[in-house]
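The lines below spell out each chain.
There are 2 protein chains.
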Amino acid sequence: MNRRITQGKQSLLFCDAPYIVSAASVAGSKEAEGPLGKLFDITNEDDLFGAQTWEEAESTMQKEACVLALGKARVEAEDIRYLFGGDLLRQGIATSMGVEGLQIPMFGLYGACSTSGEALALAAMSAAAGYGKYMLAVTSSHFGSAEKEFRFPLGYANQRPLSAHWTVTGSGAFLVAAADTELPRRAAADTATENFAPRRAAGDTVKEETAPHGAEGGIEKEKAAPRMSHVRIAGVTVGKIVDYGLKDSQNMGACMAPAAMDTIVQNFEDTGYTEADYDRIITGDLGCIGQSILFDLVRGKGYDIRRKHLDCGMTVFDRERQDTHAGGSGCGCAAVTLASFILPRIESGEWKRVLFVPTGALLSTVSFNEGASVPGIAHGIILEHREPDEEKGE
Amino acid sequence: MNRRITQGKQSLLFCDAPYIVSAASVAGSKEAEGPLGKLFDITNEDDLFGAQTWEEAESTMQKEACVLALGKARVEAEDIRYLFGGDLLRQGIATSMGVEGLQIPMFGLYGACSTSGEALALAAMSAAAGYGKYMLAVTSSHFGSAEKEFRFPLGYANQRPLSAHWTVTGSGAFLVAAADTELPRRAAADTATENFAPRRAAGDTVKEETAPHGAEGGIEKEKAAPRMSHVRIAGVTVGKIVDYGLKDSQNMGACMAPAAMDTIVQNFEDTGYTEADYDRIITGDLGCIGQSILFDLVRGKGYDIRRKHLDCGMTVFDRERQDTHAGGSGCGCAAVTLASFILPRIESGEWKRVLFVPTGALLSTVSFNEGASVPGIAHGIILEHREPDEEKGE
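For the record, the sequence lines run as chains A and B.
Per the working numbering, residue 152 is the first one in the first sequence, and the count goes up by one each step.
Per the working numbering, residue 152 is the first one in the second sequence, and the count goes up by one each step.
Chain A extracted, bound-state conformation:
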């Protein structure tokens, strides 16, 4: 309590920063054909994932992502203190139905497409405070359920403007552990790195020789001491609602860009970092239109993040080849990109410090039909590569 944690107006820098010790991604068929296709743990040619409805399919993805993230780290569901989860659907039903079977005490969240940031922030805050060894953060979205929720059922074959986003069918789950947690013993030498490796080999079929839940390493490998991962959540910048008065729900990039700018600039002001201190600044789903607005807005505040910026919505799909217009979006977009593409690079040390900023557009069909504007919100998560030696030196 006496050690300084709060930082500036909206940020926390943790004294005993928690770690992301494993992550898992489950994605749909279009995502499997995209640039990250080979990096996902599970993809399915049938976007129903064996279920009867899009909503059930989304719940199935969430459950699979959670079970996989747990399995990679060899942690049981009953060892998870609290789960933080959410999705885009009304009354967060994909999450309720998805995580019900895990029987983990849970906090349901809604932050539109920023929910993965919200869930990671609360999971990290809870782990850093000593409220439990393990926390689980999970979010999802599904193209079929989101089109039905926000626009039209797929059967209507609705046309979309070029500024529109394509909701990612996918779910990402993240196991967060307190700094002093001893991970379970497992059967591989450098185990932690494999917690971020995709479950499957390149190709569509799951490797038969892998252990249940996709843990790598056969039993014949030497038993190794448990090791913490190299990815710690150093801090968070909790976003506030930013409303520039835009009302076009088919141009969510423009609606969310001001919130992304606000959180990024606030993170700089709170922490003293600038774009030079981050290897990457990665927004959730601004898409190409939102990105250019973000660059302009951030420049107006005296910063230039162009050379450091990535956007998950522009990373997850090949815009030209896949006809996804402005880019990907949805609670699953930033989540699967973080799990499959960003975390392995931090784990390996390729990136030393990343500001991960999922962005959300706060609207419903009711608010839109009643003429309300579409404000945005974005939460910043500071992810750092950390060598075990660095920990000891602290």
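If you're looking for bench data, these hints aren't it; they were derived computationally from the structure.
Treat each hint with caution, since some may be false.
Which copy is meant is left open, so a pair is good if it fits within one copy or across any two.
What the hints assert, rightly or not - Only pairs whose alpha carbons sit at most 30 Å apart, straight line, appear in this in silico DSBU-like list of lysine-lysine:
id, residue 1, residue 2
1, K299, K398
2, K459, K299
3, K284, K160
4, K398, K284
5, K452, K284
6, K459, K503
7, K459, K189
Since we're looking at a predicted model, the values are computed, not measured.
Based on these hints, arrange chain B on the given structure of chain A.
Frame of chain A; chain B shown alone:
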């Protein structure tokens, strides 16, 4: 980090327990005619609260409740570190639009009618962890917007079975402060108690002599040293999703009773308390049908809470006179009852320890139409009366 906080499987008992330092309630016309009518801070004969739509009206209530809770404690919005809020509407739009103007970094939540418990739990967890001096928790519901969201627009004059609940039009906001917070100086002798007093005198008009935001005490009164309130959040029991397979969305009491039982019994097991240790065990909105099921389920676990139990849904309306069938419900039901009826009794010492257990039914029109069951969730908040002397002795 080294002091023991986690307790049993799902509970936390805080080392430096935070306090609820003020609360405010805003309610509709039917609630004003109910048993708690004179205890609310603001009621309005026109349930639109000056807005054009039910959704806007709900947002207005949330904003008013927040501003009032801040005003009672003489705390500015910019001094609030984080806001935790939610409502029943799809994509939590009442909260987004309601709290936008406050510009407080925020976490959007969804836990159906249990959201006030979820918000208080996270606010207390954040304050106890040292993540900021002040946190704000707010929830709301509105009969008009909820009927439209879950059933039919009011204009359809839909008939309701006797097992149905009546969604409370109301919003409650709670200012949570870390244990070591020095409250702002203010102009009354025993100030904290007044933070829980209703803003208005008996009757419909707001007292003209009160300060802005309803703070009591004129400037001619003697300046007194700041004092902490007597209501502390000693701990929380975070609920998990409990599904007994019920599918009747018009009998939510039955759907939620198993979750209430689960959280109450878990609280007993985690903390070692039983019904004898609580002056009251107060559920959110089980109504009369849910209450009788709860009694049976709890008795099956070896406890008897009948003499200690209250239900906010049965407290907020007069069932016979107001024709509200099973009782009140909604995110606002437990919130306004806590703010207006429960907290003043804890503040005064009439009740020394209360287990507050808001209950939620996890469904949407989509999940209902697709034949899914209606699971429940309930979060337990341990509220204790605390004299200043007791604090020093610790």
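Exercise for the section: Could you place K459 and K503 in one of the four classes (within, between, both, neither) given a Cα distance threshold of 30 Å? Expected result: within (13 Å within a copy, 55 Å between copies)
Problem - Status of K189 relative to K459 across identical chains (alpha carbons, at most 30 Å) - result: within (24 Å within a copy, 58 Å between copies)
Handout entry: K459 and K299: within-copy, between-copy, both or neither at 30 Å Cα
Key = Classified as neither; 35 Å inside a copy, 46 Å across copies.
Exercise for the section: Please work out whether the CA atoms of K299 and K398 approach to 30 Å or closer within one copy, between two copies, in both situations, or in neither? Expected result: both (20 Å within a copy, 23 Å between copies)
Practice task
Pop the pair K452 and K284 into one bin, within, between, both or neither, using alpha-carbon distances up to 30 Å.
Solution key: Between. Shortest inter-copy distance 29 Å satisfies the 30 Å Cα cut-off; intra-copy 39 Å does not.
Exercise for the section: Pop the pair K284 and K160 into one bin, within, between, both or neither, using alpha-carbon distances up to 30 Å. Expected result: This pair counts as both: shortest intra-copy Cα distance 28 Å, inter-copy 12 Å.
Exercise for the section: Could you place K398 and K284 in one of the four classes (within, between, both, neither) given a Cα distance threshold of 30 Å? Expected result: Neither: 43 Å inside a chain and 36 Å across chains, both beyond 30 Å.
Comparing the model with each numbered hint stated earlier shows that hints 2, 4 do not hold.
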